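**Q** Residues per chain are reported as follows:
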Amino acid sequence: MALQRFLVVICTAWPLFTSAADVTSELSEEAYLGEMPTVLTVSRMAQPVDESPSAVTVIDEETIRASGVVDLTDIFRLVPGMYVGHNAGYFHTVNPSVSYHGLTDAYSRRMQVLIDGRSVYSPIYGGVQWSDIPLAIEDIARIEVTRGPNSASHGANSFLGVINIVTKHTSETLGNMATLTAGGDRKGVTLRHGGKEGDLQYRITAGLKNDDGLQERNDDKRIRMLNFRADYRLSTRDELEFQFGYNGGDREEGMLEEDNLLFLPRTKQVTSHFQQLNWRRTLDAHSEFSLQAYHSRDESDDFLASADLTGVVPILVDPRIMRNHDVVTDRYDIEAQHTFAPTASTRLAWGGSIRLDRTKAPFFLGTSDTENFRLGRLFGHLEWTPLPRLVLNAGAMLENNSFTGTDITPRASANFKLAPGHTVRASISTATRTPTLLEEKFNTRNVLPTVVPGITILNQIYLTNGGLSPERITSRELGYQGNFGRLTLDGRLFHDKIRDIIDGYELENFPHDPALTAVPADTNSYRNTSDINLHGFEAQAQLRLGTHTRIIGNYSHIRINPNMNADFTSDGEESRFRELSESMPINSFSLLAWHRFGSGWMATVGYYQTGETKMPGDGNRVDSARHWDLRLARSFTLGKTQNEISLSSQNALDHDNQEFARYNTMQRRTYLQYRVDF
Amino acid sequence: MPQITPTLLFCCLGLLALTPAAFAYDRVTVLVGNTSSAGDEFIREFRSQLAKQGVNQVSIRNISGAALASTDDGMLVAVGVQALQHAANQKGNQPVLGVLIPQPAYAKIRASAVNSNISAIFLDQPPSRQMRLLHQLLPQAESVGILLGPTSTRDNEVLTKAAQDSGLKAVMATIQHEDDLTSSLKPLLESSSVLLAVPDPVVHQRGTAQTLLLTSYRYQKPVIGYSQAYVTAGALAAVYSSPEDIARQAAEITRNYPDRQSALPPPQPPRYFSVGINRQVARSLNIDIQDTEALTKYLIKEEQ
Numbered sequence: 001m002a003l004q005r006f007l008v009v010i011c012t013a014w015p016l017f018t019s020a021a022d023v024t025s026e027l028s029e030e031a032y033l034g035e036m037p038t039v040l041t042v043s044r045m046a047q048p049v050d051e052s053p054s055a056v057t058v059i060d061e062e063t064i065r066a067s068g069v070v071d072l073t074d075i076f077r078l079v080p081g082m083y084v085g086h087n088a089g090y091f092h093t094v095n096p097s098v099s100y101h102g103l104t105d106a107y108s109r110r111m112q113v114l115i116d117g118r119s120v121y122s123p124i125y126g127g128v129q130w131s132d133i134p135l136a137i138e139d140i141a142r143i144e145v146t147r148g149p150n151s152a153s154h155g156a157n158s159f160l161g162v163i164n165i166v167t168k169h170t171s172e173t174l175g176n177m178a179t180l181t182a183g184g185d186r187k188g189v190t191l192r193h194g195g196k197e198g199d200l201q202y203r204i205t206a207g208l209k210n211d212d213g214l215q216e217r218n219d220d221k222r223i224r225m226l227n228f229r230a231d232y233r234l235s236t237r238d239e240l241e242f243q244f245g246y247n248g249g250d251r252e253e254g255m256l257e258e259d260n261l262l263f264l265p266r267t268k269q270v271t272s273h274f275q276q277l278n279w280r281r282t283l284d285a286h287s288e289f290s291l292q293a294y295h296s297r298d299e300s301d302d303f304l305a306s307a308d309l310t311g312v313v314p315i316l317v318d319p320r321i322m323r324n325h326d327v328v329t330d331r332y333d334i335e336a337q338h339t340f341a342p343t344a345s346t347r348l349a350w351g352g353s354i355r356l357d358r359t360k361a362p363f364f365l366g367t368s369d370t371e372n373f374r375l376g377r378l379f380g381h382l383e384w385t386p387l388p389r390l391v392l393n394a395g396a397m398l399e400n401n402s403f404t405g406t407d408i409t410p411r412a413s414a415n416f417k418l419a420p421g422h423t424v425r426a427s428i429s430t431a432t433r434t435p436t437l438l439e440e441k442f443n444t445r446n447v448l449p450t451v452v453p454g455i456t457i458l459n460q461i462y463l464t465n466g467g468l469s470p471e472r473i474t475s476r477e478l479g480y481q482g483n484f485g486r487l488t489l490d491g492r493l494f495h496d497k498i499r500d501i502i503d504g505y506e507l508e509n510f511p512h513d514p515a516l517t518a519v520p521a522d523t524n525s526y527r528n529t530s531d532i533n534l535h536g537f538e539a540q541a542q543l544r545l546g547t548h549t550r551i552i553g554n555y556s557h558i559r560i561n562p563n564m565n566a567d568f569t570s571d572g573e574e575s576r577f578r579e580l581s582e583s584m585p586i587n588s589f590s591l592l593a594w595h596r597f598g599s600g601w602m603a604t605v606g607y608y609q610t611g612e613t614k615m616p617g618d619g620n621r622v623d624s625a626r627h628w629d630l631r632l633a634r635s636f637t638l639g640k641t642q643n644e645i646s647l648s649s650q651n652a653l654d655h656d657n658q659e660f661a662r663y664n665t666m667q668r669r670t671y672l673q674y675r676v677d678f
Numbered sequence: 001m002p003q004i005t006p007t008l009l010f011c012c013l014g015l016l017a018l019t020p021a022a023f024a025y026d027r028v029t030v031l032v033g034n035t036s037s038a039g040d041e042f043i044r045e046f047r048s049q050l051a052k053q054g055v056n057q058v059s060i061r062n063i064s065g066a067a068l069a070s071t072d073d074g075m076l077v078a079v080g081v082q083a084l085q086h087a088a089n090q091k092g093n094q095p096v097l098g099v100l101i102p103q104p105a106y107a108k109i110r111a112s113a114v115n116s117n118i119s120a121i122f123l124d125q126p127p128s129r130q131m132r133l134l135h136q137l138l139p140q141a142e143s144v145g146i147l148l149g150p151t152s153t154r155d156n157e158v159l160t161k162a163a164q165d166s167g168l169k170a171v172m173a174t175i176q177h178e179d180d181l182t183s184s185l186k187p188l189l190e191s192s193s194v195l196l197a198v199p200d201p202v203v204h205q206r207g208t209a210q211t212l213l214l215t216s217y218r219y220q221k222p223v224i225g226y227s228q229a230y231v232t233a234g235a236l237a238a239v240y241s242s243p244e245d246i247a248r249q250a251a252e253i254t255r256n257y258p259d260r261q262s263a264l265p266p267p268q269p270p271r272y273f274s275v276g277i278n279r280q281v282a283r284s285l286n287i288d289i290q291d292t293e294a295l296t297k298y299l300i301k302e303e304q
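Those protein sequence lines, which keep their order, are chains A and B.
So that you can map any letter, position 403 of the first sequence is 403 in this note's numbering, and since no number is skipped, the others follow by simple counting.
So that you can map any letter, position 60 of the second sequence is 60 in this note's numbering, and since no number is skipped, the others follow by simple counting.
If you are wondering where the hints come from, they were derived from the structure by calculation, not from laboratory data.
Values in this document were obtained by computation on a predicted structure and should not be read as measured data.
Every clue listed holds true.
DSS-like mimics (lysine-lysine), calculated; alpha carbons at most 27 Å apart, straight line:
| # | chain 1 | residue 1 | chain 2 | residue 2 |
| --- | --- | --- | --- | --- |
| 1 | B | Lys297 | B | Lys52 |
| 2 | B | Lys186 | A | Lys196 |
| 3 | A | Lys187 | A | Lys168 |
| 4 | A | Lys196 | B | Lys221 |
| 5 | B | Lys186 | A | Lys640 |
| 6 | B | Lys186 | B | Lys221 |
| 7 | B | Lys169 | A | Lys640 |
| 8 | B | Lys169 | B | Lys221 |
| 9 | B | Lys221 | A | Lys417 |
| 10 | A | Lys196 | A | Lys168 |
| 11 | B | Lys221 | A | Lys168 |
Computed footprint of chain A on chain B; a stretch qualifies when at least three of its residues, placed anywhere within it, have a C-beta under 8 Å from a C-beta of chain A:
| # | region |
| --- | --- |
| 12 | 97-103 |
| 13 | 169-181 |
| 14 | 201-211 |
| 15 | 224-237 |
| 16 | 273-283 |
All C-beta atoms in this analysis are idealised placements derived from N, C-alpha and C, irrespective of residue type, glycine included.
Construct the entire structure; sequences and hints are all you get.
**A** Okay, structure coming up:
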């Protein structure tokens, strides 16, 4: 019979295995028909780059490992339009300067940085204290950099760009790992253990890092780090994530060459820690609800004594000025978000959050009270695909904060697929930047008793009266994203208009206690001044030759045009504002290429070139710079362990290379690394 | 939700229509172990299929109930591993058809069965079918990574052959313990374009799905699963048979073996199947996918 013949054919083609002796575990029908937890939830999956409303640079784990970076900030050299200074100024000496599209001094106040949705942007200074973040490079899964404003998704200060760091899920870090780094001027060890107990998975990562920094600078750092993450699956639909992180240790400060009176070389102690809880419920394949709450605390103990000032101000009772720079900030934040698909062609994400930043910085704020900054947000983002080739995105953020009141920042974009693998994007996006606590409430002074009866000197260094408006940006761009087989290309033209730039100026007169004698000195303050236009072009290309070779190249060309339409209070203020045009190299280029040879060998070459800059604040003019990074690695298996030994050299050819300021010379740094996964 | 086409008949539609509707197995007993929704779905569809042929004498028994009468000469359909194990241990020569049975479980039961008159419809899809789907979804894929465990390691050769037939290179790794999953998975992902999941209790289960799917996603490599649940969890696609698919096939076997003296047909893979696609994953991995109906039709055509 035909059917029987058919079955015989099937059964011959489908061999049966009747020896059952070595079946060690039972396989039941449950494996085929039972439920499974939803792993790739809506929020875990990245939006495809060609459907994204903004230009995005994704740095994946492979790139981070292949680059061999020890300091996370070095990886941002691979983002077109970004400028990285290994060190910045001489206050917060160990802090690197990372900025997108310039307009920044040692504090990159116009860029947001998030780690697993937690903002690490400093409420007091603005920017990020990169060395103080409790985060191990080995735990990073990927970094997504939005190039352009994105207040609609992440709120104020997502102004010129957003760095979004995503750490690995605990199910990706099961087992043990150890990394050892040894070089003439840097040593480090990172240990990680990942485990599993039923539906609970966890990891502990601990690290020590001693870094002597640049040769000529007082910038040693001793980083002690401990991170913990646990993911608990409550049901196939619910997941709970808990994180705790700590980073503490000594940081050197000060620079005799720039200031030999007040900011003398010293060592301060910092402590940062955070606790974060996320609950995610998958409602269906398109919808998810999540609730996130976190607290973070940054503490800095910095007590400094000036040089003996007898020669400068002979009448002081105490020839040394003692200052306590202690700063404590706490951030509490709760956010809820709901993502769903109202119709087959639309997706909507909406939610809200509340935040409280509490800062105690008596010396900087002129009060021993704790300053509270409150923030409330409501946001919505709609993605609509009216035609298979067209994706429209529209979103807005409604924000209210205790400094500048209420603002709404909308965004809209259209992505049109010209042909499969070729997409053009047009977008307009707005954002605000809230003044930092110092810009709004800076009040720093020295009150110095003298031996002259009735005279107590008031040296007012900073005084701001508050009431600043937020900075506003409107960014327009035209982008293209193309796939040519193994090559992907991404380019964009942008034109940004920034209004009401907050900038420093010298305060002439200010009311003060008549019992004090104000010495004529530069008293700095902040105000909203003029506007700035930015325009330029950026491109990134990526070539993958099989699974063994990858080449990433980036280029950016940017022009910053200060619009000198404000009434400047002094020539100094005017020229400083004009010089913002040089706060970013006009041209910058970076390249990273790696190849895996057979038998476990792998080589990486990095090349970085930036044009001339003159950074504001502590920065000064530095020439165009370039450097090569080289890395050679050999991986091998020993028993059940996977090992890798690598030799990396930053600025391997020892080019004369300054970043941010002349006093930051990046000499060659070579180090050996060993990593074992077991 | 990932889209699923209505299940499609892929062979012998005409033949079935011609078969005389003569039921020797006019008494069918369905034996169940633990009640499960899959078992219930099977029974519902199996009953309705038989009812269409005028057979209404379907009795349901639980293995914990009264012992099966050895004189019972009707056909016994055992639903799930537990029920089949129970039936195979009974004396006598009653024909037993196991349904919703993984192939390795059947092999194990068969080896120690007291009653040798047993057969089964497996849950496992033929590797050739999976490879065809994979090739159709990802025509540019050159190599398929397969992580095997103690149970599935025996499929090594069949899988290699099936991959070759679809123009793919199979890259295999075998682990003996769940702890070795992460360390074996990464090199496998580095050297293959896509990961194919083959059922194995050590490699693929509720607890490991997260590691497999997240790590693969990190490498931007799609996973081809073997169940609808795997697709929902985050696999790009799967070809699988639902309890209803199996019920249809079981009803056909009941109908097409009218002579109660003759042996049951040999154990066989599922004849009816569905293709599940996770559109969200496809979109995120930038993979253009045809609709599931076209994919299913293609697979049916290729098997004819």
